Amino acid sequence: MQQEATMDLFLAMRKRRMHRAFSGEPIPAETMARLLWAAGRAATAKAGIRHLVLIDDAGLMRTLRYACPGFINNAPAAIAICSDLDVCQETAGKGGVDDVSRIDAGTAAAHLSLAAPALGLGICFVTAFGAGSVRAILDLPEHLRPEILIAVGIPAATPSQAMQAIPQIVHHNVFGTAWEETT
Amino acid sequence: MSRDDTPSLFDVALYLVCSSRHSLDETLPYASMRMLDATGRLLRAAAEVQPGDAFFAAMLAGIEETKVKVMHDLDGYTKALDGLQEQFVREAKLRNAAGGAA
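Chains as they are written, first to last, in our numbering: chain A, 1 to 183; chain B, 1001 to 1102.
Derived by calculation from the structure, the hints in this document are not laboratory data.
Keep in mind that this is a model prediction, so the values were computed, not measured.
Ideal placement from N, C-alpha and C gives every residue a C-beta, glycine not left out.
Some clues are possibly wrong.
Simulated restraints, written as ranges between beta carbons of each label pair [unchecked claim]:
#: 1; chain 1: A; residue 1: Asp139; chain 2: B; residue 2: Asp1025; range: 47 to 57 Å
#: 2; chain 1: B; residue 1: Arg1021; chain 2: A; residue 2: Asp8; range: 21 to 31 Å
#: 3; chain 1: B; residue 1: Gly1076; chain 2: A; residue 2: Gly59; range: 28 to 38 Å
#: 4; chain 1: B; residue 1: Arg1090; chain 2: A; residue 2: Asp86; range: 50 to 60 Å
#: 5; chain 1: B; residue 1: Ala1092; chain 2: A; residue 2: Glu181; range: 30 to 40 Å
#: 6; chain 1: B; residue 1: Phe1088; chain 2: A; residue 2: Asp8; range: 45 to 55 Å
Chain B on its own, in the form it takes in the complex (with noise of 0.2 Å):
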């Protein structure tokens, strides 16, 4: 996307909010992926703000690619959410290990 196209806080919140109701009228899986979908959306508006975050940009293009299993491969989508899951885990660990905010 453009840089225009970069989300701010609120753009955030308002997808957060409107996932919150559409999830109860979808499945599970595809609750989870508009959480994964806000993730990326976060990650892009922190960037703002935070910007030349590694981490960020890798986990970005990892949440990208992975969303989109949920339509067509369940398990390789609950497979690559582990391996998201416990970057971000080990990333946490060595942040709040340094003393600094994360």
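Pulled out of the complex, with its shape left as it was, chain A reads as follows (with noise of 0.2 Å):
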């Protein structure tokens, strides 16, 4: 697959948000595909802990929208980013299954935001879900823990709302100094 740049790195940053209000087109195959190897593509702790199921049956969005509390969207696809949690536990322990898979979940889903205006595309992170509901929509085995929801689609011609203005979060050698930028 040829990958392109089709967007500013700083460009999606910036364009960046969380969509609820999508058109009900398909993705395109070739789309989504990209998306997925934007996913895949992200810093990991070890291969195999990181699963992605991409969810494009009706009837399964349909029980996603339902059973998800947070689901509160009309994307017509989704993709849950999972941990095997034994992989987590033998490669780092407790702090594999309680951390590093957040982490490896995380920066997935950072990926996906990115890649996400570069296709044309919107998505909105959904983590208000009970992990056994998803494990059995999806038939996910238990040691795969479901960790976030990513609601994909085309965005709607009236945008979500944009996120407000971000607060001050950086500081300069100690917690309390602002940084200040110089240039």
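Fit the two chains together into the complex; they arrive one by one in their own frames, and the hints show the way.
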């Protein structure tokens, strides 16, 4: 698959947002393949920790929308980022299960959030769900934990409200001393 | 959402059960938002059996606009919820005074 750049990285960062309204148009297979490639390229502690489940079956999507309280959007597809807890345990012990798994899922989610605008897609992070519900819907084995659902679609003509201004979060040398941009 | 996405009463029940469980792990404002979201889903389901109800349509629009405020504007969410509550109560008075089922 050819992976030419379609958007400046910093422009993608600026355009990144959570979408809750989608057009309902299907996502072209090639576009979805590129999005999944982007997620797979994200940093991971070890191959085999992270698994992605693409959901585009209408019946399963409908079930997700009503079984996952945080699924407040009408996306036609979703990507479930899951962790293999057995591999996490083998790789880094308790820290692997508790922390590394989440970080690995987070890096993939970040890649998806940046790749989506470059591909003309919108996404929405969904974190409010019961792991048992998602396991049942996706037939996940017990050692696979769903970490986050990423709703994916083509944004509606009227996009969701943009995020508010980012608060001051950068400190200089010690916490509490604001970092001042000097360039 | 498209018509195909109109929830059935089963869908709404599924959402309520799952939200009831999930609300135990969430903050109080988010649990409140789940109930409001469920109300919106119920109104969409009701539109199938009671089409053309202007009040339902108006409230649905208000609910959709209100529910996302909980994520970034709790005061605005609370105020909007007060407004929705008042509109529902006034509508209930009208419907009950007319002697019909709401």
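Taking the hints in turn, this is what the structure says about them:
no. : hint                             : result
1   : A:Asp139 x B:Asp1025: 47 to 57 Å : 24 Å, violated
2   : B:Arg1021 x A:Asp8: 21 to 31 Å   : 43 Å, violated
3   : B:Gly1076 x A:Gly59: 28 to 38 Å  : 37 Å, holds
4   : B:Arg1090 x A:Asp86: 50 to 60 Å  : 57 Å, holds
5   : B:Ala1092 x A:Glu181: 30 to 40 Å : 55 Å, violated
6   : B:Phe1088 x A:Asp8: 45 to 55 Å   : 48 Å, holds
Violated hints, listed in ascending order, are 1, 2, 5; each of the other numbered hints is respected by the structure.
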